[in-house]
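Respectively, the protein sequence lines represent chains A and B.
Under our numbering, residue 319 is the last one in the first sequence; the count climbs by one each step, no gaps.
Under our numbering, residue 533 is the last one in the second sequence; the count climbs by one each step, no gaps.
Don't read these hints as lab results, they were simulated from the structure.
As the structure is a prediction and not an experimental result, all values here were calculated from the model.
For every residue, glycine included, the Cβ atom is placed at its ideal position computed from N, Cα and C.
Certain hints may be false.
As the list claims (entries may be wrong) - One side of the interface only, derived from the structure: several residues of chain B facing chain A at Cβ under 8 Å:
id, residue
1, Thr65
2, Asp67
3, Asp413
4, Ala448
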Amino acid sequence: MVKILHLVAQRLALGLLVLFAVSLIIFLGVSLLPGDLCQEIQGQAATPETVAVCRDELGLNLPAHTRYLHWLAGMVQGDFGTSLANKRPISELIGVRLGNTFFLAGVTAIIAVPLALILGILAALYRNSLYDRLINASTLISISFPEFFIAYILILFFSVKLHWFPSLSNVSPDTAFGDRLYHVLLPALTLTLVVLAHMMRMTRAAIINLLASPYIEMAKLKGMTRSHIILHHALPNAWAPIANVVVINLAYLIVGVVVVEVVFVYPGLGQLIVDSVQKRDIPVVQACSMIFAATYVLLNMAADIISIVTNPRLLHAR
Amino acid sequence: MTEYEKLQQQMASGKISRCEFLTRASALGVAMALPAGLFSGTAAAAPKKGGHFRVGMGHGSTTDSQDPASWENGFTQLTFGYGTNNHLTEILPNGQLGPELAESWEASPDAKVWTFTLRKDVEFHNGKTMDANDVIASLNHHRGDKTKSGAKAIVDGIIDLKADGKNVLVVTMKSGNADFPFVLNDYHLAIQPANKDGKIDAKSGVGCGPFVVQSYEPGVNAKLKRHANYWRSDYGHFDSAEVLTIADVAARTNALTTGEVDAIDRLDIKTLHLLKRNKNVKIEETSGTAHYTFAMLTDVAPFDNNHVRLALKYAVDRKALLQNVLRGHGVLGNDHPIGQSNRYHADLPQRDYDPDKVKFHLKKAGLSKLKVDLSAADAAFTGAVDAAILYKEQAAKVGIDINVIREPNDGYWSNVWMKKPWCAVYWGGRPTEDWMFSTAYAEGAKWNDTHWHNKRFNVLLIQARAELDDSKRRAMYTEMQSLVRDDGGVLVPMFNNYVFGTNTKVAHGPMGANWGMDGNRALERWWFKA
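The following block holds chain B by itself, in its conformation from the complex (with noise of 0.2 Å):
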């Protein structure tokens, strides 16, 4: 009996949960052909093909293109991210990885060097079929120093990318990586094909998924229809769509009810409860990675001195927080940013407000009172400056000063956030812990917002990466939440919902929740009810 099969056993028989099935079996390297019926209760009614799907996204602008490097907002995501084209893996609803453009795929026991086994039915729209070549040059297009890619943070650790004859592709990265697979997911790592150059034409926007882009107008819409020889079966049900850039929340709103368009994404949560009136509306709520932080940078006074961050982090009332900004539709946050649907999500003690504990930490870090400015604008969050301004007073009753200093929307990535000492911070999450805590708390990393460098914590993320054993991994990914959130610059009072919403003729599986609009795979995932 096969590792594998022993625990499929296991699974069935109820040993261990689906969730721990599926890590292990990754784990091993296996990718899931999942048995069927394994999973009982998931197994919605069969999609049926057919019909024209509209959907209105909050996102879009005139400034928008097709090239995978640029995309980074909800409507490229949801459009050519997931629409038109296909990645190596796809991150299941379950939050767990699966197979798409990759059969399957091993690790070498240091997780250095990654050989993936690619499908040999694929065909782009223009009719080439897709071979190790065009998945070489749809990664180097985020690759290198002449590149503007969004991704190119994400596989900088690639040192070589082989080809071994025309299905198989060899990844040799810098250092030992478990999660690599799930990093292929990443939107912007579309696959296209190589022209002679061995570049992709990035401009075209021909990929392999299943719609085809028939017209493309930047901020205004995009009309696809489906690709024919596309190779799946189970994704793909609808003949044509169309997504439209609808950025007003009223008139997106509107468009649904007025049955315009058949889904819509961020709803107003501030009339959820009247739009739950709707017989014709359903409304989707999903609780992913995305969050909310106030970052403090922690090698500029006071925010230096831990006693400092402590208190700060006690005279939050993130229920508070919750309920007002997010009008409950969110999930506290205990300062670390690994969300619940994460697979390693650690069940720490969760944060309160505690009036006693700010007065002990100021005591401890030789402070009596407490004056700090805190920079935010709603370009980081919807409500950033809200959320700011219930701080001010949460803190005040403590003892803590602190001065909101409401900065410009505009140029706030780059004026604002790390450069001031303490600012509001939005976070898409990361579907791996590994992911995450390279992106923004390792020593070093380009967005480490708050310039945390923990010895520990640098030690564990370089183990955890290469670690193959999963009880391993969680024990140091425990360690690592307990020290980002004992000891880091980030406060994180709140993880936010998506909060969709489609008529009722729409129909769909579980949802992903690494994004909005299940994972911003509605296109390829949902269907028609007949």
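One chain only, chain A, in its complex shape (with noise of 0.2 Å):
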């Protein structure tokens, strides 16, 4: 326990400088793009005169590393700054929508993982069958199609056609929690159609890979069942690789999934990180940055202790 204690603080002392060279980075990135806020802004309207009263008033004059570590003392105080173009703080401006990215993606994973496990153990207990066949090349099917194009097929049959859901996910701060559930599986069901595949061949695979192992012939041998065999003797030893596969898709829900937002209107991080790298609002697109590095860090964290508790090998150098 101590060394996992152990494991946990020095990966996180690793992903603040992580989260600081993501910073820099994105920072960077940003302030190559051609144009700045004031010019974004104004677009076809902009002045000389304006532009220049514009950086002057938000201190885009000033130098840009002045700027950089400006942000930095803020952020390390936990203070996110305010944002260029509208002058909210950030933190209002992203806590309703993290919000809302967290509870589209904790659906969509509440469908998707077990759905995909199920699949996955299924496929390995029925391996090669017509199932198997079945359930492989549907699931690759579905993640081969691009997001938009499966979220225009399912709105067109479940929303256009048989009324059943909504096709805009405009759902607010004051939506009811059934109200919003509702609202949001459409957008969930098509993440769900993009992150099966990968997690479900995953479980499939790793189970697979397993069931040629010594100590599972021992078992076969013994006379047991093979679905005992697969829960209580392979999977146990599976879960690292699901878990890493698992939290892979879990971030990829939280910070790639900008075209089904904008399908669906579903107010959530991703728009407002492209807008915000559209109007070179770096503040926010530094605040989005951030959250989206802490995701991955965080679950990659997880995925890991994931492993290390479920086969303490792990912790012991060979």
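Now that you have both chains on their own, put them together as the hints suggest.
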């Protein structure tokens, strides 16, 4: 246990370093894009005078390193700063959207993860059967289509033809839980179809991989049933690779669903970061990317811990 | 009989057209409280009150704000510009000017000093009664060195704003401007309550329009409810409204067809024929002042030679461009920026694709061949790159080699427009000739994107601006349009229509074409059928 805590502390420290590096790269990256916030916001209506006033007011005239250090100083004290574009505190701007993003990711995960595991275990159980081929083919097809296409197909059937679900997922903070669930079901379904194949196939592969091991052979010789072998002997050892794939997909559900957000008009973080990059609203971009980077760091750490807990051998070097 | 009454009579007896009546009346400085029943045929069924109106807009970004100085896209224009705020004047559906917060106005003979009489019965959302100080504070928000307003250029001509009592505003201009009341309809120039320090609280969102902001999440939606003490009974029919940003055109169309919204803007013209089959959807189309241009810098070779410019203007097949880029949802351009809905639109002969004239002008320019770069990006207008490539093919047939440079969308207006010698441009157009010309064609204008200066044109511009006589103005503007057409650096291939849709529950009167969505006044003008 101490060893695990030690590992967590070490990972968190490294994570902070990663966040710092990410913030630097994002800041430089956005700075390299042509145009700045004032030009982008004023667009065709910009004149040199109004752009100059705007830059002056927002401190965009200061050298890049000063602006970065200023941002960093605020960040270290837990202050995300304010959006340059509309002066709203970023924590307020992000708060609701972050909640929405987590909600959609959560609903999707609750559907997709158990479904992928069950389908994967069944596929391993009935390897090379018609079911195995069918589920492999169909999940591969759904992952091969672009997300927006799946989304449009679902909208066409479930909202345009059948009128079961709304085509817009416009939730607001005062939307009731049940209503909210109803509104995010189509996007969650879209994302499920997108992430299912990866997790399902990894589960199947990890288990099948283990089925060739001597201890499984032993269990078979003892006369145990196939399902008992898979659930009690193979699965515990397969958790590590499965957990890794699951967290990669969970991270994707949080950071990479902007297309689905746009199609369903769902107010999540993805749209915010896209808008902010377009307008060069650096503090907002920074805040979003910090959250995204932290998501990756924490989820990966979680995967490692799950691997170790389910397989303590990993704590010891061979 | 006053001049105004004479006009009324002439109009009623059919001696002058409605359009003429309105222009002359406006030249008289009469705010038009239009005689009821004078215009037959325009009156629709009486509007009905009530209902919750939901509209999906293609624009709207998380970086938007409620500050009038920052409004630039369709979402903020419709929601705040005309939904929650009022202005001194209103551009009516027929393109003429009507009163709004200003009851009436008159100009000094040189059109330099304008006196506006304000309504006394206007209440802001916070309960304050509007007076001249609020108007001054609201206009000052866009003036001075400290402003970031997109409207700075259009109120630059104001030297002084003075209140004469509570309800009279006196505006003094640098030079005469007969169209000044038109400018005051601009969506930026919303009238908001002044604080004690003589400034408006630009972020408060308090206005005096038909709707009050209940909640606003930039880039997502705005929820509005009717302003209980709205001064106007003929506008603002819905009990409440919601404006949603739906950036994806397929999502927007779905939202309309599945009944999640009552209206959407910017329909996808590529799939319009399919949408037409849906019986619950009404497709609306207005043709206004919005247009596409290819702007050449007239002080950069080879565009400094007018024969080169003319050769290029004759080398484009506008009909093919209109058909391919806009699928016919537009009007042919004639190399000047004045649209058919403008008052003094001149009926000049339409310029066509003409290989002989191209050769003639190239020869005059002393060139046997011409090779030029044309910069384009879809940031200029949707289909700009396609339009440029089509143009390239058309011009190649007559010996002009156009090298289309695809520019990045990011920073297009800062790095390409007015910097590259020839590029694609979008103009929303302006409701008056003077406004359009002074914005982008006058010598020294900040957005003169062709660096064009024509002496005669600049003289006429000043004269026409201060001219209160209608027929003289018409003659001047006609001459100016032909000057731009035959000498200017701008190639105007087409005017794009505004194409938007509603469900069959929505009703409306005659629609304005100065912007899409009924001059962006859908919230206050439309209503639900019984």
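A quick look at each hint next to the structure:
1. Interface restraint check: Thr65 of chain B against chain A, minimum CB-CB distance 4 Å, threshold 8 Å, status holds.
2. Hint status for Asp67 of chain B relative to chain A: holds, with the closest Cβ pair at about 7 Å, below 8 Å.
3. Interface restraint check for Asp413 of chain B: the shortest CB-CB distance to chain A comes to about 5 Å, inside 8 Å, so the restraint holds.
4. This hint is violated: Ala448 of chain B has a C-beta 10 Å from the nearest C-beta of chain A, more than the 8 Å allowed.
Going down the numbered hints, you'll see the structure goes against just number 4.
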